[in-house]
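Trainee: Spelled out from the first residue to the last, the chains are:
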Amino acid sequence: MTRVVRAPIVVGLVLAIIGFAFGAGVLGAIRTARGQSFWEIEVGMSVGYVFALIGWLAGVGGWQHWGREWFGLEAKPYTLTGWKRYFGFSPDHKVIGIQYAVTFIVVFLLSGLTAMLIRVELMRDGKQIFTPDQYNAAMGFHGITMVAVAVAVLLGGFGNFIVPLMIGARDMAFPRLNALTYWFVPPVAVLLIIAVLMGGWESGWTAYPPLSSLHTKHGQVLFNLAVITFGLVSILGGINFLVTIIYERAPGMTWSRLPIFVWGAFAASLISFFFTQALAAALLMVLLDRIAGTSFFRQAEGGSPVLYEHVFWFYSHPAVYVMVLPGFGAALEILSHLSRKPLFAYRWVAGAMIGIVMLSGIVWAHHLFTSGMAPYLHAPFLVLTEMISIPTGLIFLGAIGTIWAGKLWLQTPMLFALAFIFNFLMGGVTGIYLADVPTDLHLQDTYFVVAHFHYTIVGGEIFALFAAIYFWFPKFTGRMYNETLGKIHFWLMFIGFQLTFIPMFRVGIQGMNRRIADYPHEYAGYNTFISLAAFLLGSSFLFFVWNMASAWLKGRVAEPNPWRASTLEWQVSSPPPEHNFDEIPVITDTPYGYGGGPAHHRPFAGGALATEEG
Amino acid sequence: MAAFTEAAHAVAHEPHDEVKHVRMNRLGLWLFFASDGLVFALLLSARFYMNGTDTAPDVKQWLGLIITSVLLISSYTAYRGETALHHGNVAHGRLMLMLTILLGVGFFAGVVMEWSIAEFTVSEGYGTSFFSMTGMHAAHVASGVLLLFLAWRKAGKGYYDGGGLKAYGVSGVVMYWHFVDVVWVFFYPALYLIK
Amino acid sequence: MTRQVSSASSHHGGSEATDQKRGLTVIAMLAVFTLVEYIFAVVLDAPAALVVILAAIAVVKAWLIVMYFMHLPLVWQGEEA
Ligand code: HEM
Ligand SMILES: [Cu+2]
Numbered sequence: 001m002t003r004v005v006r007a008p009i010v011v012g013l014v015l016a017i018i019g020f021a022f023g024a025g026v027l028g029a030i031r032t033a034r035g036q037s038f039w040e041i042e043v044g045m046s047v048g049y050v051f052a053l054i055g056w057l058a059g060v061g062g063w064q065h066w067g068r069e070w071f072g073l074e075a076k077p078y079t080l081t082g083w084k085r086y087f088g089f090s091p092d093h094k095v096i097g098i099q100y101a102v103t104f105i106v107v108f109l110l111s112g113l114t115a116m117l118i119r120v121e122l123m124r125d126g127k128q129i130f131t132p133d134q135y136n137a138a139m140g141f142h143g144i145t146m147v148a149v150a151v152a153v154l155l156g157g158f159g160n161f162i163v164p165l166m167i168g169a170r171d172m173a174f175p176r177l178n179a180l181t182y183w184f185v186p187p188v189a190v191l192l193i194i195a196v197l198m199g200g201w202e203s204g205w206t207a208y209p210p211l212s213s214l215h216t217k218h219g220q221v222l223f224n225l226a227v228i229t230f231g232l233v234s235i236l237g238g239i240n241f242l243v244t245i246i247y248e249r250a251p252g253m254t255w256s257r258l259p260i261f262v263w264g265a266f267a268a269s270l271i272s273f274f275f276t277q278a279l280a281a282a283l284l285m286v287l288l289d290r291i292a293g294t295s296f297f298r299q300a301e302g303g304s305p306v307l308y309e310h311v312f313w314f315y316s317h318p319a320v321y322v323m324v325l326p327g328f329g330a331a332l333e334i335l336s337h338l339s340r341k342p343l344f345a346y347r348w349v350a351g352a353m354i355g356i357v358m359l360s361g362i363v364w365a366h367h368l369f370t371s372g373m374a375p376y377l378h379a380p381f382l383v384l385t386e387m388i389s390i391p392t393g394l395i396f397l398g399a400i401g402t403i404w405a406g407k408l409w410l411q412t413p414m415l416f417a418l419a420f421i422f423n424f425l426m427g428g429v430t431g432i433y434l435a436d437v438p439t440d441l442h443l444q445d446t447y448f449v450v451a452h453f454h455y456t457i458v459g460g461e462i463f464a465l466f467a468a469i470y471f472w473f474p475k476f477t478g479r480m481y482n483e484t485l486g487k488i489h490f491w492l493m494f495i496g497f498q499l500t501f502i503p504m505f506r507v508g509i510q511g512m513n514r515r516i517a518d519y520p521h522e523y524a525g526y527n528t529f530i531s532l533a534a535f536l537l538g539s540s541f542l543f544f545v546w547n548m549a550s551a552w553l554k555g556r557v558a559e560p561n562p563w564r565a566s567t568l569e570w571q572v573s574s575p576p577p578e579h580n581f582d583e584i585p586v587i588t589d590t591p592y593g594y595g596g597g598p599a600h601h602r603p604f605a606g607g608a609l610a611t612e613e614g
Numbered sequence: 615m616a617a618f619t620e621a622a623h624a625v626a627h628e629p630h631d632e633v634k635h636v637r638m639n640r641l642g643l644w645l646f647f648a649s650d651g652l653v654f655a656l657l658l659s660a661r662f663y664m665n666g667t668d669t670a671p672d673v674k675q676w677l678g679l680i681i682t683s684v685l686l687i688s689s690y691t692a693y694r695g696e697t698a699l700h701h702g703n704v705a706h707g708r709l710m711l712m713l714t715i716l717l718g719v720g721f722f723a724g725v726v727m728e729w730s731i732a733e734f735t736v737s738e739g740y741g742t743s744f745f746s747m748t749g750m751h752a753a754h755v756a757s758g759v760l761l762l763f764l765a766w767r768k769a770g771k772g773y774y775d776g777g778g779l780k781a782y783g784v785s786g787v788v789m790y791w792h793f794v795d796v797v798w799v800f801f802y803p804a805l806y807l808i809k
Numbered sequence: 810m811t812r813q814v815s816s817a818s819s820h821h822g823g824s825e826a827t828d829q830k831r832g833l834t835v836i837a838m839l840a841v842f843t844l845v846e847y848i849f850a851v852v853l854d855a856p857a858a859l860v861v862i863l864a865a866i867a868v869v870k871a872w873l874i875v876m877y878f879m880h881l882p883l884v885w886q887g888e889e890a
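Chains as they are written, first to last, in my numbering: chain A, 1 to 614; chain B, 615 to 809; chain C, 810 to 890.
This is chain A alone, in the form it adopts within the complex (with noise of 0.2 Å):
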């Protein structure tokens, strides 16, 4: 019973509580004092919650493993061992790279749920099983989660699993931030669940003013918290891949012998760490807006609803790389070890990875061709946006020169690289009919937009991210997931998928609306159909699930190196010993040695690894 009551997660909710009702206590006592109502919704949460924050994160073992340091006494050492490290305080990178993964891939499955909800109310125009209202509060629900995970799920999981290994690191260089980090993901999705139990928001995953910044929903002010939560997420993990990168190689792991992935992983952190703070400083007004009765979004006293689309831009853009840099880095990796060829074009994909950063703050207003701003911006955001295509195109070379005349090893997690070159093209090619000024004044609120993004993001990251997950499950856990089960899922997710958003192009030429819950007769047709291919996309996933859980669970254990990798991480055992290497390796040549010599020895020199051979 003690047990129990002393579990971390327990100690914080109750450490929660308590906050939440000293915030919003001194902030009622303060308002009576000053003649004001005791309680105020939109205020008492939002200051209850932050003092819930801070008790949440202290309770699940921040103080004790951290806090205690600040107060000038030691800090507690950790106690937790085999599975309950996954409920508790670890500053072990595996243990939180796991955290993330499972935490965002039921969060993914969850909100993959939402959308077959939305598609069920879509099949037929006229009124299915939603309201309006409850149509929006699942599209913002289902928005919101899904560029949280995509966001976060490759960077947070993989990244933290697979970086320190690939670098030849015992650990990230801040392990016990990166413990914390992970804590605050769970307030975030609990957040945003209460406020989907509360009626919802109107505004989607945008929150454009004025109508999240008027006095509608009270969920809109959980949706802001929310999310400026998960930025901290964003820019405290960004920081510490930067500097565990930066720091924490192994010698002889020079920059042009870093594996692309841990490329990606830096490029997108620079980005997550230098503009996430946009998001939340954009959301940070709304909810001044909403609790302090600022003006920044009232036209009347000089605000403007189009600043907030500058500020959220100016974040948002730069986002969607974060979410496919990693995945470029993921598809690549996996794209040269199954080919058994050395990443073609190295160098120049690397640079273009960074010339993506650069490139990617300036070209927000994009988005807001339509919105009113000075025309004189059209041009310039137009060229601008269209360079971007020079860096991706070499990228795309680089996987095309890859697989070129590679003897291609058609595993799962091949199938699922393979595909994300093909979605990626597609989501790449209709962007620039967006940036076009000409073309996007027809397009934009249609949902060519909707399949442009899908493309990119379902089509691009998160099949890169079954790609990885299909890939490194071994060295995750220890055993091998079933390769028939895992094709089965493949082959129906990526049929799926195309016939779900190709004809979303078509209907968003032909002028429907995205976010709205009916829509005219004519594009039933068009409608019926994706929403029965949108279910089978969705059933793909029980394949996943079921191969999953029945490999973590039972599976054939798995060897250190099931790929033949050339990599660091295959080179221990699988799962990975608790510091990673009993000796620091020393890096002597390139990660991608196919081609001379026995490929798997390629980068140590004189063998100096625990396992050696899978």
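Rather than coming from a laboratory, the hints here were simulated on the basis of the structure.
You may find that some hints are simply not true.
[Stated by the list, open to error] Computed beta-carbon distance windows for the label pairs: (1) B:W676 with A:A29: 32 to 42 Å; (2) A:W39 with B:A756: 23 to 33 Å; (3) B:A756 with A:K84: 30 to 40 Å; (4) C:V845 with A:L441: 13 to 23 Å; (5) B:T667 with A:I495: 57 to 67 Å; (6) A:I30 with B:S757: 46 to 56 Å; (7) C:M838 with A:V10: 32 to 42 Å; (8) A:D589 with B:H706: 49 to 59 Å; (9) A:L397 with B:A756: 47 to 57 Å; (10) C:V884 with A:A405: 24 to 34 Å; (11) B:T667 with A:D445: 16 to 26 Å.
C-beta atoms are modelled at their ideal positions from N, C-alpha and C, and glycine is treated no differently.
For this one, chain A is given, so just place chains B and C with the ligands on it according to the hints.
Mentor: Chains B and C with the ligands in isolation, oriented as in the chain A frame:
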């Protein structure tokens, strides 16, 4: 980049090297400053976006000058304290940290006073900028005071005895304090002086 | 392993006394710049020029703090052991 590479190589043989630890902490802290600084930069841009270069005529110039001076002086005492602790001079270092704390509290009180006597409201265009910018800044001041206090306490318990790298903890806190001052260097003219 | 201790004198390189003296110099400069700022704001009646001047002074002040109080160069120069 080359410099990073060589340095990382040199220290990789001794993974728990204290020097490397401090270097990593320092870089991490600067990245945080860049990140946090952008929030302030965005608020500053919003101020110009909304109000152009107008100042509210009724902002209290004398109060602005006083609190600006107080914060500036506190940056100096912080520097003095950090330098003293770095050289192992704990007593002087603590005195200076305490002075910094008091000046910080003074600044905070000045902002509170400013808020209570302001002749414009938060819902006016200028008031929106003024209150959000000073509020955000004051929140940083408050957390800085808290951190300085913790450093002062730890210094009293002998955590920084000997100075050098051992006193890095103080440096981190003091750097944060200077960061807050740098923000004010931009906010002061933007909120008070331009017309 | 030799660590560069630069002569850029932006950080605690010398004795305590010299370090403290540097701090005094920097704060004196900051004080002067602040005063100049204030005087410009009072006497200058050209809003556009004022914005430019104040921005320039602010950048200089920030640079002083960042380089000499916050020891930015240590990020790439490394610590003195
Ligand atoms: C080749 C490069 C790309 C170009 C030229 C491009 C262009 C655009 C443009 C102009 C829009 C605004 C459309 C409108 O609202 O009228 C847009 C929307 C969007 N794009 Fe892209 N894009 C590209 C790549 C990507 C990538 C890589 C991602 C994500 C991984 C992405 C995700 C999105 C999202 C989420 C939206 C919709 C935002 C919303 O309104 O909710 N795009 N894209
Ligand atoms: Cu964009």
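Trainee: Now look at each hint and say whether the structure bears it out.
Mentor: Tested hints:
no.	hint	in the structure
1	B:W676 with A:A29: 32 to 42 Å	holds, 33 Å
2	A:W39 with B:A756: 23 to 33 Å	holds, 25 Å
3	B:A756 with A:K84: 30 to 40 Å	holds, 37 Å
4	C:V845 with A:L441: 13 to 23 Å	violated, 50 Å
5	B:T667 with A:I495: 57 to 67 Å	holds, 59 Å
6	A:I30 with B:S757: 46 to 56 Å	violated, 20 Å
7	C:M838 with A:V10: 32 to 42 Å	violated, 55 Å
8	A:D589 with B:H706: 49 to 59 Å	holds, 54 Å
9	A:L397 with B:A756: 47 to 57 Å	holds, 52 Å
10	C:V884 with A:A405: 24 to 34 Å	violated, 45 Å
11	B:T667 with A:D445: 16 to 26 Å	violated, 35 Å
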